[in-house]
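S.K.: Residue numbers (full-length UniProt numbering), protein chains in the order written: chain A, 1 to 552; chain B, 1 to 552.
Please note: incorrect hints may appear among the correct ones.
Because identical chains cannot be distinguished in the list, a pair is counted as satisfied if it fits within a single copy or across any two copies.
Using 30 Å as the maximum straight-line C-alpha spacing, the simulated DSSO-like pairs for lysine-lysine come out as follows [unchecked claim]:
no., residue 1, residue 2
1, LYS549, LYS297
2, LYS265, LYS37
3, LYS37, LYS523
4, LYS523, LYS400
5, LYS523, LYS359
6, LYS8, LYS374
7, LYS260, LYS472
8, LYS523, LYS549
9, LYS511, LYS442
10, LYS523, LYS265
11, LYS91, LYS549
12, LYS111, LYS442
13, LYS400, LYS442
14, LYS400, LYS113
15, LYS27, LYS549
16, LYS494, LYS260
17, LYS511, LYS27
Since the hints were derived computationally from the structure, they do not count as laboratory data.
Bear in mind that the values here come from a model prediction, so they are computed numbers and not experimental data.
The chain contents come next:
2 protein chains.
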Amino acid sequence: MLKNYRMKIALAQLNYIIGDFDYNTAKIIETIQSAKKQGADLVVFAELSVCGYSPRDFLEFSEFIDLCEVSAQKIAAACSGIACIIGLPTKNPKVKGKDLYNSAYFIEDTKVKAIVNKALLPNYDVFDEYRYFEPAVNFSCVEFMGHRIALTICEDMWNINDNPMYVISPMDELVIENPDLMINIAASPFSYNHDEERVQILGDNCRKYRLPLFYVNQVGAQTEIIFDGGSLVFDQDGSLLDELPYFSESLKIYSFEYGKIIGHKPIVHDTQNNIQQIHDALILGIKDYFAKSGFSKAILGLSGGIDSALVCALAAEALGPENVMAVLMPSEYSSDHSIQDALDLVNNLGCKHEIIPIKEAAAAFGNMMNPVFKDLPFNVAEENIQARSRAVILMAMSNKFGYILLNTSNKSECAVGYGTLYGDMAGAIAVLGDVYKTQVYKLSHYINREKEIIPENSIVKPPSAELRPGQKDSDSLPEYDILDGVLYEYIEHKKSSAELIAMGFDVALVKRILRMVNIAEFKRNQAPPILRVSPKAFGIGRRMPIVGKYLG
Amino acid sequence: MLKNYRMKIALAQLNYIIGDFDYNTAKIIETIQSAKKQGADLVVFAELSVCGYSPRDFLEFSEFIDLCEVSAQKIAAACSGIACIIGLPTKNPKVKGKDLYNSAYFIEDTKVKAIVNKALLPNYDVFDEYRYFEPAVNFSCVEFMGHRIALTICEDMWNINDNPMYVISPMDELVIENPDLMINIAASPFSYNHDEERVQILGDNCRKYRLPLFYVNQVGAQTEIIFDGGSLVFDQDGSLLDELPYFSESLKIYSFEYGKIIGHKPIVHDTQNNIQQIHDALILGIKDYFAKSGFSKAILGLSGGIDSALVCALAAEALGPENVMAVLMPSEYSSDHSIQDALDLVNNLGCKHEIIPIKEAAAAFGNMMNPVFKDLPFNVAEENIQARSRAVILMAMSNKFGYILLNTSNKSECAVGYGTLYGDMAGAIAVLGDVYKTQVYKLSHYINREKEIIPENSIVKPPSAELRPGQKDSDSLPEYDILDGVLYEYIEHKKSSAELIAMGFDVALVKRILRMVNIAEFKRNQAPPILRVSPKAFGIGRRMPIVGKYLG
Numbered sequence: 001m002l003k004n005y006r007m008k009i010a011l012a013q014l015n016y017i018i019g020d021f022d023y024n025t026a027k028i029i030e031t032i033q034s035a036k037k038q039g040a041d042l043v044v045f046a047e048l049s050v051c052g053y054s055p056r057d058f059l060e061f062s063e064f065i066d067l068c069e070v071s072a073q074k075i076a077a078a079c080s081g082i083a084c085i086i087g088l089p090t091k092n093p094k095v096k097g098k099d100l101y102n103s104a105y106f107i108e109d110t111k112v113k114a115i116v117n118k119a120l121l122p123n124y125d126v127f128d129e130y131r132y133f134e135p136a137v138n139f140s141c142v143e144f145m146g147h148r149i150a151l152t153i154c155e156d157m158w159n160i161n162d163n164p165m166y167v168i169s170p171m172d173e174l175v176i177e178n179p180d181l182m183i184n185i186a187a188s189p190f191s192y193n194h195d196e197e198r199v200q201i202l203g204d205n206c207r208k209y210r211l212p213l214f215y216v217n218q219v220g221a222q223t224e225i226i227f228d229g230g231s232l233v234f235d236q237d238g239s240l241l242d243e244l245p246y247f248s249e250s251l252k253i254y255s256f257e258y259g260k261i262i263g264h265k266p267i268v269h270d271t272q273n274n275i276q277q278i279h280d281a282l283i284l285g286i287k288d289y290f291a292k293s294g295f296s297k298a299i300l301g302l303s304g305g306i307d308s309a310l311v312c313a314l315a316a317e318a319l320g321p322e323n324v325m326a327v328l329m330p331s332e333y334s335s336d337h338s339i340q341d342a343l344d345l346v347n348n349l350g351c352k353h354e355i356i357p358i359k360e361a362a363a364a365f366g367n368m369m370n371p372v373f374k375d376l377p378f379n380v381a382e383e384n385i386q387a388r389s390r391a392v393i394l395m396a397m398s399n400k401f402g403y404i405l406l407n408t409s410n411k412s413e414c415a416v417g418y419g420t421l422y423g424d425m426a427g428a429i430a431v432l433g434d435v436y437k438t439q440v441y442k443l444s445h446y447i448n449r450e451k452e453i454i455p456e457n458s459i460v461k462p463p464s465a466e467l468r469p470g471q472k473d474s475d476s477l478p479e480y481d482i483l484d485g486v487l488y489e490y491i492e493h494k495k496s497s498a499e500l501i502a503m504g505f506d507v508a509l510v511k512r513i514l515r516m517v518n519i520a521e522f523k524r525n526q527a528p529p530i531l532r533v534s535p536k537a538f539g540i541g542r543r544m545p546i547v548g549k550y551l552g
Numbered sequence: 001m002l003k004n005y006r007m008k009i010a011l012a013q014l015n016y017i018i019g020d021f022d023y024n025t026a027k028i029i030e031t032i033q034s035a036k037k038q039g040a041d042l043v044v045f046a047e048l049s050v051c052g053y054s055p056r057d058f059l060e061f062s063e064f065i066d067l068c069e070v071s072a073q074k075i076a077a078a079c080s081g082i083a084c085i086i087g088l089p090t091k092n093p094k095v096k097g098k099d100l101y102n103s104a105y106f107i108e109d110t111k112v113k114a115i116v117n118k119a120l121l122p123n124y125d126v127f128d129e130y131r132y133f134e135p136a137v138n139f140s141c142v143e144f145m146g147h148r149i150a151l152t153i154c155e156d157m158w159n160i161n162d163n164p165m166y167v168i169s170p171m172d173e174l175v176i177e178n179p180d181l182m183i184n185i186a187a188s189p190f191s192y193n194h195d196e197e198r199v200q201i202l203g204d205n206c207r208k209y210r211l212p213l214f215y216v217n218q219v220g221a222q223t224e225i226i227f228d229g230g231s232l233v234f235d236q237d238g239s240l241l242d243e244l245p246y247f248s249e250s251l252k253i254y255s256f257e258y259g260k261i262i263g264h265k266p267i268v269h270d271t272q273n274n275i276q277q278i279h280d281a282l283i284l285g286i287k288d289y290f291a292k293s294g295f296s297k298a299i300l301g302l303s304g305g306i307d308s309a310l311v312c313a314l315a316a317e318a319l320g321p322e323n324v325m326a327v328l329m330p331s332e333y334s335s336d337h338s339i340q341d342a343l344d345l346v347n348n349l350g351c352k353h354e355i356i357p358i359k360e361a362a363a364a365f366g367n368m369m370n371p372v373f374k375d376l377p378f379n380v381a382e383e384n385i386q387a388r389s390r391a392v393i394l395m396a397m398s399n400k401f402g403y404i405l406l407n408t409s410n411k412s413e414c415a416v417g418y419g420t421l422y423g424d425m426a427g428a429i430a431v432l433g434d435v436y437k438t439q440v441y442k443l444s445h446y447i448n449r450e451k452e453i454i455p456e457n458s459i460v461k462p463p464s465a466e467l468r469p470g471q472k473d474s475d476s477l478p479e480y481d482i483l484d485g486v487l488y489e490y491i492e493h494k495k496s497s498a499e500l501i502a503m504g505f506d507v508a509l510v511k512r513i514l515r516m517v518n519i520a521e522f523k524r525n526q527a528p529p530i531l532r533v534s535p536k537a538f539g540i541g542r543r544m545p546i547v548g549k550y551l552g
């Protein structure tokens, strides 16, 4: 038995760019070289690290799969005297089944020594792995330096505690071969309660199989999906020994000998409050959207209200205030304090601003529509002309100067359709689209935790779209604490109207809210991608018929 | 043996509304009563007929599944002295596996006599069945009136000719029980080449298993997905005996005795030309979008160009010209002939129109932006102000009068991003978003097949957005016949740039087009739903990373 050979395992928690093979390959090779200098024997990268997660329908281009293999061979060539685990899609050599596997290569001393395929393919919420991959049905451990490694990919460790979704459990098969440790490579997206769940599920695996575990997650935002890192190390009792930082890249080396991880004592998972986590996730989401798109400068409309103030503060933190252009676009219905609140914010942040009143555009459209509208009363048509005129201004600035427009709609508004399509619903990325209004307040207080950045007045005044005299959100919507309560149960927990009413919510209120949510589906369908911070965000993780009659 | 009992089978090809249980249930029960009066013993409805296809994430609401069962029981209660087959999602009673099956109920004399579950779950293109359903693994035939029926659901007959995607073939299992006939209930969406494929694949099943087949498809549009009907009847040699109409509802009764379908001779599948099929599909797509959304009146911007002219003609045919409002919004760059061409079309169709010049709005925005734009040269910013001002006008009309905006962008433009987000890319439904520009010409000639409806001048003049003096599409884009050739191979056939170049396309041209397609992903992500008429439409069937670097 050679199990007393000391093995140094490096966990590489990196931020990849989907489909940028040059970038990802260079980053992986540099990390291998750095780990080698630090004495590592094995460097572990995340699921689909070669191409980024998720490549979606890029996977249907056979050249894309070929380029993954080319990258893997370059990485292998750089593994002289060291081993690594990388993730990539590979071709299914079988005659039957889907074209691809979601695979891990175990590379040792420039050679691909073992290929492990994923068996449990998530196909819920934002995941579409059955669209591309054939599930693995054969399992075997990898031998390395006298240790037997049970290597699995992400979801393959999630059929613990009799998760009813899956019929098999890969670790049940692998454990038959008496492995010495488990390694799991993952691409596990952030939501505000997912870190606790990961620590629990992965620790349960250790306790069930009596094995230590090294778990490597991706970090970084891929459009709407944010990977939070937080890679984990457990001993065979399921005690957490270490966790890599959240929301940043990291490389850390561990020693493994006599079936144990050396030099670490159990720690307690650093449970941060949800609001701080959401804050950090949104910052990374904004930062990566811009960096990976090749843009640096953001623009947004600043109304004096809390939503746009919060987005402005987040953008200034993510991109630097010098890269944020806030545009104040008052109308005849804007209150004086709104302009002052917006200016106070701009001053507090140090970002750029312009003031472009929309009166002239609103008047022009008024004149132009007059022969058609005649003396019909002012209604939502005129309200929306204002919101859309603002979008025209912001997009003109974007087109002229290369700014990218940030959308400032919150999840409560998105849910009930309280927003103007092609108006305030415009933008390249929706920063708060998965943040309920009640959470917007909490995030704003968090931004102000050390000093007042978002003017107190923006936080305390009654929310208003200011599209007609004296307008308040509460004219059209229930109070946000009540609204958000119903929305949370309906969207996150998929409660029907009958169940909501049984929970004590008012019958008429429930019917009204569910109806608003459902008739707004056509609007959400054209909304920008939304930075996902909850277990159920609008966008690719929630797929509803646009024309459909069921209200829940 | 009772096989000589004559059985009368009614095929019910109906148009359902997703989630409208009252509507669907009433329609199914009325059809059963009608078929019973005509002497039918068994009425066959389509896949998921109880709830419509596809209910998407409605399926994640447990109440939705309960309501499907309630509907099925109502339908069963109406089946006194008659049998029927309906499709619905059902709960998976197993401890393991996904929550639901995609099922068929065989109802006989008010009782559910057999439940058949679908085994092959499409999860490609627009399909997401693995998101919801557990695949069936057990198969058995249904006995009825002395006949043994191999009842399957849609895709379960598509693993013929060794389709590599699937590992099992349900008919291989069912044929062991020596059935007398096959019945397949389907929800098979239209694309312009799919009818031939269906006739081929289903006929191959008959030839392989030496059994006759009754095949019932849905008809009707569900937002972007259009079901074309065309239900089929085959004898045991795989000869086509009958086909129900395309793009309309139908109920037809067949007699089956001594293992044969009586009174029908082989026919040749009525292969219509693709352009006529696309035309019929778009008409149904428009009609059902409005009818199922509860709207009747459409609005669109009419430029004098061919795309908006074609959409106007299609809308007038689908909704009646009295329900179509065409808005002419000339700018200083509009040519005189454009206005005249648009007016000629309006006159030819008899639809309503307004003329609202955008000069005043463009001037207002010019003044408003002047302090910021200063003396920077006219560029895409000013071009887009015009396109977006038009969207403001159209949406104001929509908000004031209840019109629904039709988008007029074609597939070639969508592909390369030749359109203004929140401008001419606005609309509730994109009529031509899956129709290449070269097909737009063919469709326009088809519209004019009997007399000139679309003015010849709109067809023959060089395409132009008319957003700056003398602008032509060919200033920014390759000629459409070349562009469409590359796009077709790239989008429909997923060819990489290397493969396209190997096919003989110019290197620089290919790189340029693929780059345009990929950087437009963020625009398409916010485009309206697109009526799908090809095997690969933009929208839910083509899922690309927005921030991603692979160009193909």
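S.K.: With reference to the structure, classify each hint as holding or not holding.
M.R.: Verification of the hints:
no., hint, in the structure
1, LYS549 to LYS297, "between (42 Å within a copy, 20 Å between copies)"
2, LYS265 to LYS37, "within (26 Å within a copy, 79 Å between copies)"
3, LYS37 to LYS523, "neither (54 Å within a copy, 45 Å between copies)"
4, LYS523 to LYS400, "both (27 Å within a copy, 17 Å between copies)"
5, LYS523 to LYS359, "both (26 Å within a copy, 29 Å between copies)"
6, LYS8 to LYS374, "neither (79 Å within a copy, 62 Å between copies)"
7, LYS260 to LYS472, "neither (62 Å within a copy, 71 Å between copies)"
8, LYS523 to LYS549, "both (16 Å within a copy, 28 Å between copies)"
9, LYS511 to LYS442, "within (28 Å within a copy, 47 Å between copies)"
10, LYS523 to LYS265, "neither (52 Å within a copy, 51 Å between copies)"
11, LYS91 to LYS549, "between (42 Å within a copy, 21 Å between copies)"
12, LYS111 to LYS442, "neither (52 Å within a copy, 56 Å between copies)"
13, LYS400 to LYS442, "neither (35 Å within a copy, 37 Å between copies)"
14, LYS400 to LYS113, "neither (53 Å within a copy, 68 Å between copies)"
15, LYS27 to LYS549, "between (49 Å within a copy, 16 Å between copies)"
16, LYS494 to LYS260, "neither (43 Å within a copy, 48 Å between copies)"
17, LYS511 to LYS27, "between (52 Å within a copy, 26 Å between copies)"
When the structure is compared with the earlier hints, violations turn up for hints 3, 6, 7, 10, 12, 13, 14, 16 and for no others.
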